[in-house]
Amino acid sequence: MKLKEALKEIQTLRKKVRRLTREMESIQMASIEDPSLVEKLLRMRGIKVFRKNPIDRLFFPPDLPPFDKTRFYEMMKKYSFRLVLRDMIKSHEQFRIQDLTHYCSSSVVQGYCHLLDEMGVIIKDGRSKYRTWVSPLYSFGPTLEWFIAEMFKREFASPAIYGVSVRNTQSGGDYDVIASWNRRLVYVEVKSSPPKGIEQNEISTFFSRMDDLLPDVGFLFNDTQLRMRDKLVVMFEEDLAMRYGKESKNLYPVERLSGELFHLRNRVFIVNSKKAVVENFRICLKHYLRYRDQMFGKLDSNPPLTYR
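Mapping of the sequence shown onto this note's numbering: residues -13 to 294, in sequence order.
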């Protein structure tokens, strides 16, 4: 009898622990999902947000259940999945498996289509045709911005917003991703086009937006596995030369951090998708923390970096 009572008590305790664990996870997620921390950092800079997180532009429906949203997020970590989504968007009204095999095998594409169909993100029409649930779809950009914002929330416990519109800034337009990481403001400019599709004026706009927001850390993220040195780094150097003249390469060199990751004075980073997106951002953020004293002029005699 005593053994039965003890086992019953243990079961009851287990249920209570599970319930408390769920409640703690819910509280933690609520704090991460709360955008007010990001907006507070912006208000400290005199900037007010009037639009953020546009759900109508995403690849998946607005009411996608949290479980499926997590599955979608995990799949977005795969470069091949992101490439397949781009092809789906190009032919969102109707596509077949063979339309999506430019970058991976038909068996891989079939697996992706099966998963998305199961989630209700794409719809099967007949035996071999599909279409996206959300239509029309014009660009992969907003979904990629959502992914980067989710990455900050899920991987770095940092509230983040995407597709942000603010008032009274000189550069205007939408600011792709803004996060509150480690009580610091982070800005990420997201480029879904390959390097050949990125123009010099876009690099100038990135620096102007950095000047608008005055973030502690800035990223230009290009979702490609191509080399950054060949074009993006060159455009960074050209823009810096226009701002600072012949001495720009000595004052503000664009230096290789690791692989295809580059940095400008340890606080502005050029990042691509080579290896893994999350790991690339992690490397850069750790580098920032390691060298932050230098960035604030304590160990550096160069004039402060401005963006205009």
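Derived by calculation from the structure, the hints in this document are not laboratory data. This structure is a prediction, so every number in the text was calculated from the model and none was measured. There's no promise every hint is true.
Taking lysine-lysine pairs in the DSS-like style, the calculated list, with each CA pair at most 27 Å apart, reads [to be verified]:
1. Lys2 with Lys26
2. Lys64 with Lys38
3. Lys63 with Lys235
4. Lys(-10) with Lys76
5. Lys261 with Lys182
6. Lys110 with Lys64
7. Lys177 with Lys110
8. Lys55 with Lys38
9. Lys76 with Lys63
10. Lys139 with Lys261
11. Lys139 with Lys272
12. Lys235 with Lys260
13. Lys26 with Lys38
14. Lys272 with Lys63
15. Lys232 with Lys63
16. Lys63 with Lys(-10)
17. Lys139 with Lys232
18. Lys232 with Lys38
19. Lys76 with Lys182
20. Lys26 with Lys115
21. Lys232 with Lys76
22. Lys(-10) with Lys2
23. Lys76 with Lys38
24. Lys177 with Lys272
25. Lys34 with Lys177
26. Lys26 with Lys232
27. Lys(-10) with Lys55
28. Lys260 with Lys177
29. Lys182 with Lys55
30. Lys64 with Lys232
31. Lys217 with Lys182
32. Lys63 with Lys139
33. Lys64 with Lys217
34. Lys217 with Lys261
35. Lys139 with Lys217
36. Lys139 with Lys55
37. Lys182 with Lys260
38. Lys232 with Lys260
39. Lys182 with Lys232
40. Lys217 with Lys260
Against the structure, the hints come out as follows:
no. : hint                : result
1   : Lys2 with Lys26     : violated, 36 Å
2   : Lys64 with Lys38    : holds, 26 Å
3   : Lys63 with Lys235   : violated, 34 Å
4   : Lys(-10) with Lys76 : violated, 63 Å
5   : Lys261 with Lys182  : holds, 20 Å
6   : Lys110 with Lys64   : holds, 23 Å
7   : Lys177 with Lys110  : violated, 30 Å
8   : Lys55 with Lys38    : holds, 19 Å
9   : Lys76 with Lys63    : holds, 20 Å
10  : Lys139 with Lys261  : holds, 21 Å
11  : Lys139 with Lys272  : holds, 17 Å
12  : Lys235 with Lys260  : holds, 26 Å
13  : Lys26 with Lys38    : holds, 14 Å
14  : Lys272 with Lys63   : holds, 20 Å
15  : Lys232 with Lys63   : violated, 40 Å
16  : Lys63 with Lys(-10) : violated, 48 Å
17  : Lys139 with Lys232  : violated, 41 Å
18  : Lys232 with Lys38   : violated, 40 Å
19  : Lys76 with Lys182   : holds, 19 Å
20  : Lys26 with Lys115   : violated, 47 Å
21  : Lys232 with Lys76   : violated, 43 Å
22  : Lys(-10) with Lys2  : holds, 18 Å
23  : Lys76 with Lys38    : holds, 25 Å
24  : Lys177 with Lys272  : holds, 23 Å
25  : Lys34 with Lys177   : holds, 24 Å
26  : Lys26 with Lys232   : violated, 39 Å
27  : Lys(-10) with Lys55 : violated, 42 Å
28  : Lys260 with Lys177  : holds, 14 Å
29  : Lys182 with Lys55   : violated, 32 Å
30  : Lys64 with Lys232   : violated, 41 Å
31  : Lys217 with Lys182  : holds, 8 Å
32  : Lys63 with Lys139   : holds, 14 Å
33  : Lys64 with Lys217   : holds, 24 Å
34  : Lys217 with Lys261  : holds, 19 Å
35  : Lys139 with Lys217  : violated, 31 Å
36  : Lys139 with Lys55   : holds, 13 Å
37  : Lys182 with Lys260  : holds, 17 Å
38  : Lys232 with Lys260  : violated, 32 Å
39  : Lys182 with Lys232  : holds, 26 Å
40  : Lys217 with Lys260  : holds, 16 Å
Figure legend: structure checked against the earlier numbered hints; hints not met, in rising order: 1, 3, 4, 7, 15, 16, 17, 18, 20, 21, 26, 27, 29, 30, 35, 38.
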